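Full structure from sequences and hints, please.
These are the residues of each chain, in order.
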Amino acid sequence: MKKLNFIFAALLGMGLNYSQAQTPKGSVLIKNATVLTVTKGNLENADVLVQDGIIKQVGQNLSAPSGVQTIDASGKYLMPGIIDAHSHVALDVVNEASAPIVAEVRMKDMVNPYEIGIYRALAGGVTISHAMHGSANVVGGQNATLKHRWGSTDPADIIMQDAPRTIKFALGENPTRVHGRGNNIQPRTRMGVEAVLRNGFNEALQYKKSWESYNAAKGQKGNTVAPPVFNERLQTLAEILDGKIIIHCHSYRADEIYMLINVAKDFGITKLVFQHTNEGFKVAPEIAEYTMGASVFADWWAYKMEVYYSTAFNAAILQKNGVITSINSDSAELIRHLYHEAAKTQRYGGLTDEEALSMITINPAKQLGIDDKVGSIEVGKQADLVIFEGHPLSSYAVPQMTFVDGVKYFDIKADKDDQRQFVSATEMVEPVYLHTEEDHQCLQDVDAYFEAFQGAFLDEKH
Amino acid sequence: MKRQFLKAGMAGLLLTGILSHTAWSQSDPTGKRRVTETYAITNATIFASPGQEGTKGTVLFRDGVILGVGANLQLPKEAQVIPGDSLFIYPGFIDGAGMAGITKPKDPERPKDFVSSAPPDEIAGITPWRSITDQFSISASQVDDWRKAGFTISQILPDGGMIPGKASILVLGNPGTVNVLSENSALATNFRGSRGMYPATAVGVMAKFRNVYQNTTLALDHSKLYASAAGVSRPEVTPTQTAMSAVVQKQIPVVFTAASDLEVRRALALQKELGFRLILAGLENYESVIDLIKSTGTPVLIKLEIPDDKAIKSQKADSASTATKAQYDRVKEAYDKALKQASLLEKAGVPFGFSTMDTKPGDALKAIQTMVKNGLSEKAALAALTVNPAQILGINRVAGTIEKGKMANFVISNDSLFKESAQIKHVVADGYVFDYEVKKKTPKDNGKSDNGTVKVEGLWEYTSETPAGSSGGELTIAKEGDDYSGTITYDDPSGGGKVSAPIKNVAVTGKTITFEFDVNAGGNNLTVTITGEISGTSMEGTMSVAQFGSFPLSAKLTTPGLTF
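Protein sequences, first through last, are from chains A and B. Read in our numbering, the first sequence has 123 at position 123, and its numbers run on one by one without any break. Read in our numbering, the second sequence has 172 at position 172, and its numbers run on one by one without any break.
What the hints contain is simulated information worked out from the structure, not anything from laboratory work. Just so it is clear, the structure is predicted and the values come from calculations on it, not from any experiment. Careful, some of the hints might be misleading.
Derived lysine to aspartate or glutamate pairs resembling DMTMM-like cross-links, with alpha carbons at most 25 Å apart [said to hold, decoys possible]:
no., chain 1, residue 1, chain 2, residue 2
1, A, K208, B, E273
2, B, K148, B, E420
3, B, K337, A, E333
So this is what it looks like as structure tokens:
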């Protein structure tokens with residue numbers, strides 16, 4: 001098959017990897033499951049037919065077309081693939097922390113398909129993660145939405161190419177510490193963060209205008225207008241203003257959340273999602289009215305001053321106020337059991353099964369702009385699916401199989417002790433551990449900026 | 001070294017009998033001028049090009065140019081004859097991307113108004129105007145080391161940040177001149193960020209590269225407009241843009257250092273986006289991108305090195321659990337696969353060359369032999385050392401094979417290069433003959449003999465310069481049998497006082513010592529690697545921590561010969 005593709009590619013005079021690589025698409029019939037569609041209720045004893053990566057039928061007594069494998073899921077639960085709206089898994093670099101605005105950097109450049117975290121996420125039923133730039137900058141880099149097609153060596157294969165562009169913003173202590181305290185430049189305070197944003201957007205407007213003038217004049221006879229300086233940083237900010245990129249903003253305090261809503265209003269930005277949002281419950285109506293929602297932790301706080309005023313009821317309060325709410329991991333460990341995290345909203349806030357599950361499926365899909373493609377079990381959607389033993393919101397739930405585009409990438413029965421794709425020829429067998437148990441990955445790679453305070457080897461991580 | 005020349009000189013003196021010391025010092029005060037530029041290596045086995053059988057014959061060359069190759073050559077009177085009866089002659093090796101003999105220019109002072117988020121190009125490692133010819137010294141010991149390994153031509157890359165400057169193709173010949181074959185032959189580029197300033201990481205480097213490239217294009221457009229129309233604002237072309245013009249106009253390629261398959265893909269992505277000419281260099285892990293390399297037709301210079309087998313040798317299978325043993329097997333498998341990579345490139349039909357950057361000249365021949373043992377054909381190995389890099393560097397008209405009219409660059413060995421017993425006896429570069437004495441191997445000598453290996457045992461005091469300031473401590477090294485052990489003290493990362501750690505993986509080869517130690521910083525284990533060059537009782541080197549970069553280190557042996 002692959003060989004044939006290659007011959008075709010060679011005939012067409014282009015490389016196999018250079019043409020838009022075709023990612024694997026699978027066909028499968030999953031029978032007799034309790035299907036948790038998330039958007040269209042629960043179906044007992046139901047079948048889901050997937051063909052070429054797309055959900056073709058959902059119903060009862062479906063039969064498999066010839067050549068399509070049937071999986072009996074009697075007594076098991078089938079839910080849409082879990083979507084993590086905040087992750088740093090599979091990125092070789094997380095932070096380009098060196099400037100307050102680095103909108104020009106692209107996390108897609110840094111995707112590492114070998115990272116074992118992808119497989120671990122699959123084992124927790126997560127099929128899509130939002131691989132974000134870190135929170136060291138007021139405007140961080142452009143993020144990558146990943147589909148966990150484990151086993152590919154080409155980063156392009158695990159990037160969800162049909163997902164819209166998103167970008168990381170960050171407010172509060174991280175950018176003020178890195179730039180203000182660390183490098184003595186703006187922003188040193190929350191006011192500075194707002195100033196950096198407003199200046200950036202105003203400069204972007206001027207930048208866009210200068211290019212428009214140049215492009216209009218360029219073709220004219222006797223043109224004397226010289227080309228402006230190219231600046232992808234301002235170009236990207238201009239594209240945010242044009243509504244081409246969704247902002248995902250790291251935030252904790254209510255005042256700064258409200259500040260960014262005001263900045264967005266002033267600049268006509270509507271595509272805005274808040275991340276972390278620990279004090280979101282204080283401004284829930286405003287978030288509901290003006291933004292694409294909030295992506296929060298179930299119960300994680302008190303790791304720095306701005307994250308003390310927190311509650312485990314946050315997600316439920318946001319949800320009840322009509323905010324599109326998702327629960328994320330921001331951690332290579334938590335990503336393995338986001339279904340537990342979602343279940344906490346039932347203990348703290350009494351959400352229904354459907355509400356709780358939507359926080360790790362359709363809601364994050366909406367925040368990433370991919371809810372027309374994934375996030376629920378509906379005919380026509382991409383077949384990202386997880387089979388659970390036990391209800392996914394039960395403490396005893398164990399994911400059994402995980403599918404992306406109808407292709408099975410995790411099967412608990414075929415789970416080997418060592419699932420690494422890439423093994424170094426020159427490194428000793430390293431102890432297996434899950435790093436960042438206690439830490440966010442948001443401030444990965446920024447250590448150099450704190451050295452002035454802490455000496456050559458540092459210990460502060462988050 | 002240069003014994004032949006000295007002998008010839010003596011003969012000349014005796015024959016003419018009139019040249020006094022004062023007489024030739026007037027026209028050649030150094031006394032180094034050669035008596036003849038014409039040489040003939042007679043009756044040797046000549047391997048004129050890769051894949052060709054060795055044939056007995058003579059090679060005649062003058063002024064660095066091959067005059068003839070064959071069995072019945074008429075030798076001119078002035079030719080100095082080197083009997084080659086037992087010798088094998090190969091074309092001189094060509095290094096596609098090396099760094100021998102260069103001195104990295106000092107980083108400029110930071111200006112008073114320095115802002116780390118927008119540093120001047122020169123400080124941020126963007127110095128495309130720098131030329132390697134200003135940094136290269138042909139008399140550096142590394143140059144001789146590489147020549148001794150058979151290399152006669154090297155494209156030397158500058159050292160520095162993400163765009164350190166321009167490379168030049170140099171002939172490693174006449175020790176008295178620079179020997180430029182092609183100046184500013186390529187732009188060197190890599191994914192190295194600039195510590196503590198923009199761009200600090202690979203993701204920033206990629207964005208910055210796009211920016212530099214696009215703005216060079218625009219600056220050229222602006223200059224063109226300025227030249228053709230009145231009323232246009234004066235173009236302000238920066239030194240970076242001036243120096244990048246040749247790349248943007250595709251006059252010279254970019255030599256991108258890309259060690260892993262992912263870095264190869266990143267370099268190719270930039271190339272595809274911007275359209276520059278690309279040569280990939282320093283490849284270590286590339287099995288999964290061989291098809292991509294082939295389909296894009298990108299020239300590649302793989303790292304002339306085989307992976308370190310320390311990890312495999314340190315496996316203690318006896319005491320390991322089944323799970324650990326399975327992991328050991330995977331490391332072994334990865335190692336075996338890494339050795340086979342070069343042969344896979346050959347199978348795919350990719351005409352690759354080598355780059356010597358960050359590799360050891362003494363291990364070069366062994367690396368090639370290992371690749372051959374693992375499936376690379378002798379023909380492809382020799383091609384990778386000669387005709388392929390000549391093609392990639394665009395010097396195939398003058399170099400790569402032993403042919404009349406080509407440059408007199410030869411590797412002369414006592415045996416087939418692909419036999420373990422092969423030893424390079426002479427190297428001819430640009431018509432200059434260099435003799436490398438072949439030491440007799442003693443059976444006990446496992447490369448660990450004390451011959452030429454410096455003594456490192458004792459108590460050292462070291463200091464290192466990190467961005468956080470100067471730090472230092474004590475280092476003790478003891479020798480037990482063939483192995484070294486010891487401890488090092490360093491500033492406690494959590495503040496206050498010193499802590500000590502055992503050193504491990506100590507290796508002493510020639511004058512170089514390398515070792516590692518672990519630092520626990522906030523629950524994270526960091527491995528620090530120290531590499532030092534020892535001369536007498538002092539050591540100069542670097543201390544490096546993966547992801548953090550490397551810092552200069554110097555040490556003094558205060559109490560030698562410590563025993564425990």
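Structure-based check of all given hints:
1. A:K208 with B:E273: holds (22 Å)
2. B:K148 with B:E420: holds (16 Å)
3. B:K337 with A:E333: Distance of about 31 Å is beyond 25 Å: violated.
Checked against the numbered hints given earlier, this structure breaks only hint 3.
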